[in-house]
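**Student:** Here is how the chains run, residue by residue.
Number of protein chains: 2
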Amino acid sequence: MLNRPTPELLARFAALVGPAAALTDPEATKPYRMEWRDKYLGETPLVLRPGSVAEVSAILALANETRTAIVPQSGNTGLVGGQVPDGSGSEIVLSLDRMTRIRAVDPEGYSLTAEAGAILADVQNAAEAADRLFPLSLGSEGSCRIGGNISTNAGGTAVLAYGNTRDLVLGLEVVLADGRVWEGLGALRKDNTGYDLKQLFIGGEGTLGIVTAAVLKLYPRPKGQAVAFAALADPAAALALFNLARDRAGHDLTGFELMPRIGVDFVLRHIPGSREPVGTTAPWYALVEISSGHSDEAARSAIEDILATAFEDGVVADASIAQSLAERSTFWRMRHGMSEAQKPEGGSIKHDVSVPVASVPAFLDEAIAAIEAFVPGCRPVPFGHLGDGNIHFNISQPVGADKQAFLDRWDEVNALIHGIVARYHGSISAEHGIGRLKRDLLPAAKGPVAMAMMQSIKQALDPNGILNPGKMLRP
Amino acid sequence: MLNRPTPELLARFAALVGPAAALTDPEATKPYRMEWRDKYLGETPLVLRPGSVAEVSAILALANETRTAIVPQSGNTGLVGGQVPDGSGSEIVLSLDRMTRIRAVDPEGYSLTAEAGAILADVQNAAEAADRLFPLSLGSEGSCRIGGNISTNAGGTAVLAYGNTRDLVLGLEVVLADGRVWEGLGALRKDNTGYDLKQLFIGGEGTLGIVTAAVLKLYPRPKGQAVAFAALADPAAALALFNLARDRAGHDLTGFELMPRIGVDFVLRHIPGSREPVGTTAPWYALVEISSGHSDEAARSAIEDILATAFEDGVVADASIAQSLAERSTFWRMRHGMSEAQKPEGGSIKHDVSVPVASVPAFLDEAIAAIEAFVPGCRPVPFGHLGDGNIHFNISQPVGADKQAFLDRWDEVNALIHGIVARYHGSISAEHGIGRLKRDLLPAAKGPVAMAMMQSIKQALDPNGILNPGKMLRP
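Top to bottom, those sequences are chains A and B. Mapping to UniProt numbering: the first sequence position 183 is 183, numbers consecutive. Mapping to UniProt numbering: the second sequence position 5 is 5, numbers consecutive.
It is worth saying that the hints were derived from the structure and are not from the lab. Just so it is clear, the structure is predicted and the values come from calculations on it, not from any experiment. Be a bit skeptical, because a hint or two may be false.
In this list, chains with the same sequence are indistinguishable; a pair is considered to hold if it fits within one copy or across any two.
To be verified - SDA-like cross-link-like pairs, simulated, lysine to any residue; straight-line CA separation at most 20 Å:
(1) 223 <-> 305
(2) 223 <-> 37
(3) 30 <-> 97
(4) 223 <-> 298
(5) 223 <-> 327
(6) 350 <-> 401
(7) 223 <-> 294
(8) 403 <-> 305
(9) 403 <-> 332
(10) 223 <-> 470
(11) 350 <-> 81
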């Protein structure tokens with residue numbers, strides 16, 4: 001049973017980090033209590049901003065001893081409410097935002113050691129300065145922090161070639177619920193000495209321990225790239241193009257993103273600097289990116305080769321290859337603007353789902369038909385990482401409809417789409433995690449055996465339940 | 001506390017699989033009791049060979065209820081004694097060798113579902129028949145089974161480009177200690193719904209549950225390959241060549257294996273069909289393999305390009321590129337023969353260690369000097385996967401020395417080498433696991449926090465300790 005901290009206890013916590021790093025004023029704590037989309041606003045009596053592993057350890061030791069709830073937070077960019085306190089006012093926020101050091105860069109060993117509060121873009125830049133690539137890339141990379149990326153096993157646009165965040169972590173330093181520090185900062189490519197403990201904390205959403213630092217994998221920087229926008233009749237054609245591209249380019253296929261015409265329309269309407277990407281208007285589009293270890297020319301030749309075969313096979317209706325670095329950016333901006341461009345179109349009910357890659361076309365056909373029948377006039381805008389089977393199945397409200405009335409149907413629309421996802425053995429959270437938003441959907445999605453295993457692991461590593469209570473699992 | 005099964009209980013276990021699948025005769029059970037190198041010979045009153053998940057479940061439910069020890073086994077090719085029963089005669093062996101079905105191959109989804117008893121080569125062949133690659137490749141691939149590969153997180157020669165077995169698993173079906181079946185056979189590339197439970201069983205050495213089936217990742221088959229043998233002055237030159245090759249070829253660098261001259265000498269002396277691989281004799285050699293999504297010519301051109309730069313930079317003394325498929329095989333056979341060729345040279349004390357890739361040269365210099373001082377006249381034959389930092393640091397006895405007297409120094413030699421490994425933050429088991437052989441070395445290697453976490457996870461998932469007791473962890 002957790003306790004509400006007394007003023008005396010709060011003072012003890014604050015003393016562990018010093019007054020400058022202990023925030024109590026509601027205005028000062030607001031950025032830590034508020035989810036960035038305003039979906040959640042929590043209460044907290046105290047935000048602690050420790051500056052070292054030792055301070056994190058001392059905080060957790062005291063919290064465990066006194067049964068005080070701790071909500072770990074890094075960049076506060078999560079999309080499922082996992083990083084903000086609840087409304088009770090009894091949870092202390094532990095922010096990693098002062099622990100931002102890049103401890104080491106090892107270009108020869110293709111690894112980098114960063115503290116949990118390092119901003120993703122800073123990690124990318126530190127790698128680039130050493131002529132290496134840290135491939136994790138997502139919309140919020142300018143403000144999200146690596147500890148949160150690790151704790152949510154973040155996805156993004158580079159998963160196809162480099163994997164999820166899980167695949168990019170070599171070692172971790174973690175403070176456990178009782179304050180013990182696990183020094184797991186190995187940089188080894190192979191290590192079969194016991195259970196792979198780091199896997200529990202990657203995607204653990206801060207419920208099993210607090211990641212304070214990580215050794216991350218680096219890669220050679222591609223020497224060249226080419227990006228094409230292809231016009232397609234339907235998702236089946238997109239899948240055929242994906243398979244062709246993957247077969248020809250293998251690991252050099254570093255991006256394959258699916259977009260519907262309506263999404264392109266929204267972008268053209270609302271995102272400055274966008275332009276019609278291909279001469280031919282088509283119901284669907286794919287952005288294809290090829291990287292090369294040699295040159296832009298090699299990448300371009302590979303993409304031309306793929307598109308030529310796709311034309312011959314009748315898979316692609318039309319396509320255009322970016323002629324410059326600027327045009328490559330424009331193509332990617334079309335894709336990255338897909339989410340933002342939905343906002344001016346009114347209410348949007350969102351899903352972050354995945355199905356097996358080969359099932360994407362059938363899933364899309366079925367889900368689009370179902371939602372159009374369920375909410376007449378609604379405008380499905382499904383887009384995303386086809387190569388990972390990960391579709392952001394967003395639905396814009398009918399034109400002229402009442403926004404709130406549409407959004408009020410969120411849960412029943414979720415139920416409809418997640419029901420279809422389940423029939424395709426898919427996931428209701430491909431890359432955003434569970435947090436608070438999807439916690440009560442989890443038992444049905446995972447089944448009782450998996451839920452019991454998760455509960456027993458939580459019990460084993462955080463027996464007092466002080467770490468991020470109520471997130472992912474019911475307390 | 002575990003019980004020794006009574007004859008009545010043994011009969012109940014046998015009835016779960018039927019008489020034909022329950023072996024009791026010591027001659028019939030011997031292949032299941034004996035480790036293939038004769039290092040361990042255990043005792044067992046019963047070998048159960050279930051034919052279905054339901055039978056595995058029934059066995060574990062009864063074992064858990066009656067506190068009976070179960071030793072899971074698949075191909076019995078492990079190198080650390082994890083798969084054989086102890087000498088007490090109270091442990092039942094559960095062999096997966098009848099559950100060999102490839103349940104599904106999905107070329108479009110780049111995945112394959114196999115039962116735990118499927119032989120690795122059969123999995124590779126099933127993938128190839130669908131024009132896909134299952135990249136896991138190791139010496140025992142003709143007899144090891146995929147369940148064992150998963151439970152030991154097997155490595156092999158393709159780790160550099162495709163990762164360890166852990167990286168090749170999309171989903172698992174697992175029978176838990178109490179007989180419950182976890183249906184985790186997802187084929188998703190992205191799924192952030194709760195803890196990634198499969199990670200516990202991958203590399204779990206059968207101590208947390210029994211893997212009965214897996215969904216495995218497939219890849220496009222390379223369209224072409226090129227293999228070169230390069231003569232090198234020292235491991236530092238090998239590392240420079242590796243970095244150059246990786247920088248130029250990226251993911252197309254699919255093999256990079258280091259060998260010392262003495263290992264090549266042993267192969268030339270003892271392995272039929274081997275021949276001097278390069279014109280110039282050198283202290284060290286590297287086998288370099290490049291794959292291409294296009295053609296043999298493209299791979300060859302890439303390897304020529306790399307070697308040309310390496311010559312210019314003075315990194316490589318001489319090199320030869322395989323001119324035919326046959327010559328490629330010969331080059332690989334030189335590498336694969338490295339272990340076998342040590343046998344006729346007398347006693348060999350072995351280590352399966354890893355260090356950060358960039359530290360391999362310094363580690364080798366130090367370890368070779370240390371062992372030569374410690375055992376005058378001994379012949380170090382360190383070889384292996386330089387690109388993964390994984391060195392099989394084997395030491396052949398001095399010429400003419402007494403074999404047993406040399407082997408009697410196994411533990412003190414291990415201690416010397418592992419002490420150096422520890423200073424490089426390396427691993428004492430890079431790819432073979434812990435099992436029985438290295439169990440008592442684990443606490444010093446991992447430290448008390450990691451050991452406590454492992455024990456608490458074991459306790460959470462197998463509270464009665466029936467699964468593979470005494471392997472990896474002390475009971």
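**Student:** Take the hints in turn and mark each one as holding or not.
**Tutor:** Hint-by-hint comparison with the structure:
For the identical chains of this complex, residue 223 and residue 305 are neighbours both inside a copy (19 Å) and across copies (15 Å), given an alpha-carbon limit of 20 Å. In the homo-oligomer, the alpha carbons of residue 223 and residue 37 never lie at most 20 Å apart, since the shortest distance is 37 Å inside one protomer and 47 Å across protomers. Taking identical chains as interchangeable, the C-alpha atoms of residue 30 and residue 97 lie at most 20 Å apart only when both belong to the same chain, with a minimum of 15 Å there against 60 Å between chains. Taking the shortest Cα distances, residue 223 and residue 298 sit within 20 Å of each other both inside one copy (9 Å) and across copies (17 Å).
In this assembly of identical chains, the alpha carbons of residue 223 and residue 327 lie at most 20 Å apart only when taken from the same copy (18 Å versus 31 Å across copies). Within a single copy, residue 350 and residue 401 get their C-alpha atoms as close as 17 Å, which meets the 20 Å cut-off; across copies the closest is 73 Å, which misses it. When the C-alpha separation of residue 223 and residue 294 is checked against a cutoff of 20 Å, the pair qualifies both within a copy, at 5 Å, and between copies, at 18 Å. Taking the shortest Cα distances, residue 403 and residue 305 never come within 20 Å of each other, neither inside one copy (46 Å) nor across copies (61 Å).
For a Cα distance limit of 20 Å, the shortest separation of residue 403 from residue 332 qualifies neither inside one copy, at 29 Å, nor across copies, at 65 Å. Neither within a single protomer nor between protomers do residue 223 and residue 470 lie at most 20 Å apart by alpha-carbon distance, with minima of 46 Å and 50 Å respectively. For a Cα distance limit of 20 Å, the shortest separation of residue 350 from residue 81 inside one copy, 14 Å, qualifies, whereas the shortest one across copies, 51 Å, does not.
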